[in-house]
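Colleague: If you want the building blocks of each chain, they are given just below.
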Amino acid sequence: MNVNFLEFEQPIAGLEAKIEELRQVNQGGEFDISIEEEITKLREKSSELTKKIFAELGAWQISQMARHPLRPYTLDYISRIFTDFDELAGDRAFADDKAIIGGPAFLDGQAVMIIGHQKGRDTSEKIKRNFGMPKPEGYRKALRLMEMAERFKLPIITFIDTPGAYPGVGAEERGQSEAIAYNLKVMAELKVPIICTVIGEGGSGGALAIGVGDRVNMLQYSTYSVISPEGCASILWKSAEKAPLAAEAMGVTAKQIKELGLINTIVDEPLGGAHRDHDGMAANLKAVIKQQLAQLTKLSQQELLDQRYERLMSFGYC
Amino acid sequence: MSWIEKILPRTKSEQKSNVPEGVWTKCDECNAVLYKIELEKQLEVCPKCDHHMRISARSRINSFLDQGERTELGADLEPRDVLKFKDSKRYKERIAAAQKATNEKDALVSVKGKLKGMPVVVSAFEFSFMGGSMASVVGARFVKAVESCLEHNTPLICFSTSGGARMQEALFSLMQMAKTSAALAKMSEKGLPFISVLTDPTMGGVSASLAMLGDVNVAEPKALIGFAGPRVIEQTVREKLPPGFQRSEFLLEKGAIDMIVDRREMRDKIHSLLSKLHHKHN
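Chains as they are written, first to last, in this note's numbering: chain A, 3 to 320; chain B, 62 to 343.
Calculated from the structure, these hints are not laboratory results. Everything numeric in this text was worked out from a predicted model, so none of it was measured. Beta carbons: idealized from backbone N, C-alpha and C, even for Gly. Incorrect hints may appear among the rest.
What the hints assert, rightly or not - When the alpha-carbon atoms are kept at most 25 Å apart in a straight line, the in silico SDA-like pairs for lysine to any residue are as follows:
| hint | chain 1 | residue 1 | chain 2 | residue 2 |
| --- | --- | --- | --- | --- |
| 1 | B | Lys166 | A | Ile237 |
| 2 | B | Lys247 | A | Glu312 |
| 3 | A | Lys130 | A | Asp86 |
Stated by the list, open to error - Estimated spans, in silico, between C-beta atoms of each pair:
| hint | chain 1 | residue 1 | chain 2 | residue 2 | range |
| --- | --- | --- | --- | --- | --- |
| 4 | A | Glu250 | B | Arg119 | 31 to 39 Å |
| 5 | B | Lys153 | A | Ala97 | 40 to 48 Å |
| 6 | B | His342 | A | Ala113 | 41 to 49 Å |
| 7 | A | Ala97 | B | Pro303 | 19 to 27 Å |
| 8 | B | Arg119 | A | Phe10 | 50 to 58 Å |
| 9 | B | Met320 | A | Asp110 | 47 to 55 Å |
Please put together the full structure from these sequences, using the hints given.
Modeller: Structure representation (structure tokens):
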């Protein structure tokens, strides 16, 4: 079993392995046209199979996609969408939380402020990034950068990808609740456009704390939920193993959430998911961000703030 | 305290034979047997050990506001099961059971009235309604409270007691955090004070939004207040939590709240605060 493929992706993994094998053969020995034809056939088959599997993904499978070990993270998008990113560190009070990164950059020549959760790829980086679970100092760094963005009139682009805010003793002592709450309040009134995109896991308050904006997008196979499917299952079903049921019941997928009117846009992922084509994914997302930014910069400051407030007030009952 | 003192209420007890059943209750903290009417007079605070028991949203508001004219805000709002959520029970059934048990439509009550003559709006969570969880109606009633304050230039006081966001309304519940916080930003913008009173327990999404956003954050003694629940933290850090962790006294020491106030002194204290913060409008 290929660990870089999820369980439901395994049939694709088998085909891909075969293709790779044939390719090796054709590179090593003499070029054989029949092998090349075979490869083309297999590629088509793999693509068909991928289409078929991905057309029928359930909420739980999409939850796994959102956490795929090869899925692009914030820094992968920054390097592909923006130029001249200057990472800024620290909350000026306690520490630099590496589960949230941020700083100014150019988006095709336009200066913007980027803020995003950051997960780690290998073990040591995962630990350094605390698995993408921020502590209060992370949210306060984000706040500092957002206020800086307002001061220098930079639109804010956020990338959401966290299992949730970190549940630890120190985080509680330093006011995890207050840090999240305060960001929600400030983001509601920041005088610059804010575009937020859930790129992987949108885990509860820890996600929302950088997720209040004028446009909120979700990648096709990302998730956004009030509590993790495991957490919900262990409370309501008394067993974390019922997570697939909880994911389905809560409706954590982009499609379900778009239908409820809680997000603006679903950003299409390349065939087989964002992890199969980082460049293609980044290009899709860049196009959406650029288009939204163009719309938002046309608005007056008052229009921008009024529309943001109306959007927030429209959630649930008015 | 000797055992005999424990069982004798502080009030002059009537002859036992004249007392109908159900007039006695026990303090969950010190086990003292208490006379219910006396306990009500003490606003559900044990007269022996000062333990603050849970109090319903209605009793809270009734005892906090002046007698006289009051208007409930958003009373007509009722929860809807948009997601057709079902775990071991249907959400619809859970709503019906909670409504029957509490006589409330949902977990927050907002009322406009007066505090020692000063017009105010009070919101209070009902913990017995699905653990005081925040979902669409709670968010909407909180916003109604804010809107009334903005219209009439009045301060807002909210008594929180909640396990957090309500899972059965999923992302709608999460979005109430953003909604209520955005409404509070309008209060600040207009220079209207918001006093947040955190009572036992105030956790999760409620603590990580409106409850921590008071111009003044007040807590009742020994209330459990935090973002993550103690069990979740214990599982994460794999060690026992220090005694008093996430209690009001701990939060006061860490600088998260301004003061701890006994429920029986709440009216006086909050009026005292508002008489200064809201002086321009008095």
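Colleague: None of the hints should be skipped; say for each whether it holds.
Modeller: Here is what the structure says about each hint:
A C-alpha spacing of about 23 Å is found between Lys166 (chain B) and Ile237 (chain A), which places the hinted pair at or below 25 Å, so the restraint holds. For a cut-off of 25 Å, the pair hint linking Lys247 (chain B) to Glu312 (chain A) stands: about 13 Å separates their Cα positions. Of the supplied pair hints, the one linking Lys130 (chain A) and Asp86 (chain A) holds, its CA atoms being roughly 24 Å apart against a limit of 25 Å. At roughly 37 Å, the beta carbons of Glu250 (chain A) and Arg119 (chain B) sit within the given window of 31 to 39 Å.
Here the CB-CB span from Lys153 (chain B) to Ala97 (chain A) is close to 46 Å, well matched to the stated 40 to 48 Å. For His342 (chain B) paired with Ala113 (chain A), a C-beta distance near 42 Å keeps the hint of 41 to 49 Å intact. For the pair Ala97 (chain A) and Pro303 (chain B), the beta carbons lie near 21 Å from each other, so the given range of 19 to 27 Å is met. The supplied range of 50 to 58 Å is met by Arg119 (chain B) and Phe10 (chain A), whose beta-carbon atoms lie about 51 Å from each other.
Checked against the hint of 47 to 55 Å, the C-beta distance between Met320 (chain B) and Asp110 (chain A) comes to roughly 52 Å, which is consistent with it.
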